[in-house]
Every structure is written in C-alpha cells, then in structure tokens.
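One-letter residues, chain by chain:
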Amino acid sequence: MEQRVLVLLPHPDDEAFGLSATLAEHVRNGDPVTYACLTLGEMGRNMGVPPFANRVTLPEIRKAELEESCRAIGIRDLRMLGYHDKTIEFEDQDKLDADIDALLQELRPTTVYTFYPGYSVHPDHDATGAAVVRTIGRLPRNERPVVLCLAFANNLEQGIGQPDVVRDVSANLKQKLASIQAHRSQFQVAEWVSGDVPLEKAMQERFGTERFWTYRFD
Amino acid sequence: MIRINREQTEAELRKFVGSDVYVHSEATSYVFVRNFKVRLTEAFVAGDGPSYRVALRFDGHGWLRMEGLTHYETDEAGRLLLAGFDDRGRMDVALHLGRGPFPE
Ligand SMILES: [Zn+2]
Numbered sequence: 001m002e003q004r005v006l007v008l009l010p011h012p013d014d015e016a017f018g019l020s021a022t023l024a025e026h027v028r029n030g031d032p033v034t035y036a037c038l039t040l041g042e043m044g045r046n047m048g049v050p051p052f053a054n055r056v057t058l059p060e061i062r063k064a065e066l067e068e069s070c071r072a073i074g075i076r077d078l079r080m081l082g083y084h085d086k087t088i089e090f091e092d093q094d095k096l097d098a099d100i101d102a103l104l105q106e107l108r109p110t111t112v113y114t115f116y117p118g119y120s121v122h123p124d125h126d127a128t129g130a131a132v133v134r135t136i137g138r139l140p141r142n143e144r145p146v147v148l149c150l151a152f153a154n155n156l157e158q159g160i161g162q163p164d165v166v167r168d169v170s171a172n173l174k175q176k177l178a179s180i181q182a183h184r185s186q187f188q189v190a191e192w193v194s195g196d197v198p199l200e201k202a203m204q205e206r207f208g209t210e211r212f213w214t215y216r217f218d
Numbered sequence: 219m220i221r222i223n224r225e226q227t228e229a230e231l232r233k234f235v236g237s238d239v240y241v242h243s244e245a246t247s248y249v250f251v252r253n254f255k256v257r258l259t260e261a262f263v264a265g266d267g268p269s270y271r272v273a274l275r276f277d278g279h280g281w282l283r284m285e286g287l288t289h290y291e292t293d294e295a296g297r298l299l300l301a302g303f304d305d306r307g308r309m310d311v312a313l314h315l316g317r318g319p320f321p322e
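First to last, the protein sequences are chains A and B. Quick note: the first sequence uses my numbering, first residue 1, plus one each step. Quick note: the second sequence uses my numbering, first residue 219, plus one each step.
No wet-lab data here; the hints were simulated from the structure. Accuracy of the hints is not assured; some may be wrong.
What the hints assert, rightly or not - Below are the DMTMM-like pairs computed for lysine to aspartate or glutamate, each with C-alpha atoms no more than 25 Å apart in a straight line:
hint : chain 1 : residue 1 : chain 2 : residue 2
1    : A       : Lys-95    : B       : Glu-228
2    : B       : Lys-255   : A       : Asp-31
3    : B       : Lys-233   : A       : Asp-92
4    : B       : Lys-233   : A       : Glu-91
5    : A       : Lys-95    : B       : Glu-225
6    : B       : Lys-233   : B       : Glu-294
7    : B       : Lys-255   : A       : Asp-85
8    : A       : Lys-95    : B       : Asp-277
9    : B       : Lys-233   : A       : Glu-42
10   : B       : Lys-255   : B       : Asp-266
11   : A       : Lys-95    : A       : Glu-68
12   : A       : Lys-201   : A       : Glu-157
13   : B       : Lys-233   : B       : Asp-266
14   : B       : Lys-233   : B       : Glu-285
15   : A       : Lys-95    : A       : Glu-42
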C-alpha cells in the first residue's frame with residue numbers, strides 16, 4: 001500500500017544521517033515524500049573547511065545544499081518554512097502548529113518523520129518534535145498518521161527504551177552518502193575514512209542502520 | 219546572585235517588555251556589547267536547568283538569544299542582571315537589562 005510521507009525537521013542536514021536512506025527507500029517504492037524544513041540553519045557554526053561560507057552567505061549556501069541533498073535522495077517536494085535557526089522553541093506555538101496542520105491537511109500523510117520531543121538534544125529538534133506531536137495529537141485518533149521519531153539523547157534507554165523500528169538501509173547507502181556529501185559546509189566526509197578502510201565499508205558500519213521510535217499518543 | 223528559576227526569571231524579564239531597554243550582553247572570553255537600546259517585544263527563558271537559554275525579541279525584527287545562563291538578580295537600580303557561571307564560579311556569559319544606560 002502506498003504511504004504518503006511527511007518529514008518535519010528544523011535544519012538542513014537533519015535528514016542526512018538519520019533517515020536519508022529510509023527516505024530513498026520510500027522514493028523507490030513510489031511513496032510521495034514531502035520534506036518540510038523549518039529553518040535554513042543560518043546560525044550554524046560550520047562554514048566549510050577551509051571556510052567558504054560566512055554568517056551572511058550561509059543561509060543561501062545551506063539552502064542549495066539542502067536542495068542537492070533532496071535531489072540525491074529523490075525528494076521532489078521540499079518546503080522551506082522560513083523559521084529562524086535556534087528560535088523554534090520561542091516561536092508563536094499557534095503559528096507553528098498552524099503551519100504544521102496546513103501541511104497535514106494538504107498532504108494527508110500516513111507516516112510522519114520528526115524528532116522525538118525531549119530526546120533530541122538540540123532545542124530546535126525538541127521544539128519541532130513537540131509541535132508535530134501536539135498538532136497531530138489534536139487530530140481524531142483514526143486520522144493520525146504514524147509518527148516515527150529520530151532520537152539521540154544520552155538518557156534514551158530509561159526514557160523511551162529501544163527503537164522499535166530498525167531498518168537495514170544498506171541498499172540505499174549511495175543516496176545516503178550523496179545526501180551527506182551535499183551538506184559540504186557542514187560535514188567533512190574525508191575525515192571519517194581512516195587509513196585504508198574503503199568509504200563504502202566505513203559507511204556500512206556507521207550508517208547501515210536507521211532507527212526510529214514510534215511516538216505513542218497515550 | 220541566585221540560581222535562575224525559569225518562571226520567576228522570565229517574569230522579571232517580561233517586566234521590560236513594551237519599553238525601551240538598554241542591553242549589556244557578553245560572551246566573556248570573546249565579545250561584549252554595551253548599551254544598545256531596543257524596544258523589547260517578547261522575552262523568554264527556556265531549559266530545564268541548571269543552565270538556561272534566554273531569548274529576546276525587539277523592534278519587530280530583532281533576536282537576541284543566549285545560552286548558558288545560570289544566575290540572576292535585580293539590583294537596587296531596578297536593573298535585571300543575568301549571568302552564566304561555570305562549575306568553578308567563572309563567568310562565561312552575561313545579559314543585563316536596564317531602563318537607563320549602564321555606565322560607560
Ligand atoms: Zn539539527
């Protein structure tokens with residue numbers, strides 16, 4: 001059965017490590033995938049090595065990187081919601097929820113990917129996840145999509161336990177690598193390849209699995 | 219100074235909303251700005267402690283956001299002084315708000 005997929009994440013590059021291969025698999029299955037990225041990561045600290053961006057040019061550069069990442073994954077519907085990096089938790093919740101709700105109404109996703117609120121380290125991640133589950137929680141129970149969350153806090157185990165969706169994504173590592181490489185202002189792929197370990201083997205070991213926690217609404 | 223209490227400190231900050239305020243803001247090892255004057259429109263304190271994030275919106279288009287704030291006090295001149303200290307008591311960051319300029 002076709003799934004309709006909506007991805008809601010705050011920063012360009014949030015997709016790359018956590019779920020780009022999963023998204024590539026959705027694309028391969030013919031599932032429509034929409035990626036709504038809340039900010040342009042304009043407050044990022046990495047400017048490339050050696051630095052080729054600056055605080056002024058970073059938003060445009062990261063926007064282009066995000067578009068390239070989406071092409072690599074096969075995502076054709078990319079929405080940039082225009083929020084400012086590092087401020088999601090301070091945004092007007094009603095406005096944020098309304099933006100998310102509008103996407104839900106328009107796209108009627110069956111699966112939503114976001115960050116697990118409270119377990120995703122960065123305040124923008126937690127605030128995005130919180131807004132997504134708050135908005136979806138308002139839908140009638142039988143209209144709620146499945147919400148699959150990324151999480152990577154230290155206290156995961158006692159908080160939300162083990163991920164219940166664990167996918168071997170070896171078949172889509174090519175797209176994943178291309179997604180990561182697209183964000184060249186943020187990641188230096190060359191640094192992960194130590195000595196004579198080939199890139200593909202290093203990728204398989206580090207990124208061959210993607211993990212999600214299904215959000216339970218009650 | 220006393221430890222930040224999220225609600226109380228936010229309430230203190232919000233007393234400045236709607237008025238012109240002079241701001242002193244610093245990341246101690248790197249930069250300070252003193253006495254920039256803005257009209258504050260919103261003020262927030264976030265986090266679970268012991269260190270907190272503070273964000274101010276001003277003049278309809280401005281943001282000031284700081285991390286690592288741990289302590290605060292209101293001084294006898296009615297200025298709100300926030301600061302962030304490391305575990306050895308050294309100040310890393312400071313954010314001060316007053317209705318008049320801070321001494322140059
Ligand atoms: Zn992020």
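- Task: Against the structure, test the hints numbered earlier, and report the numbers of the ones violated in rising order.
- Result: Per hint list: 2, 9, 10, 11 and 12 violated.
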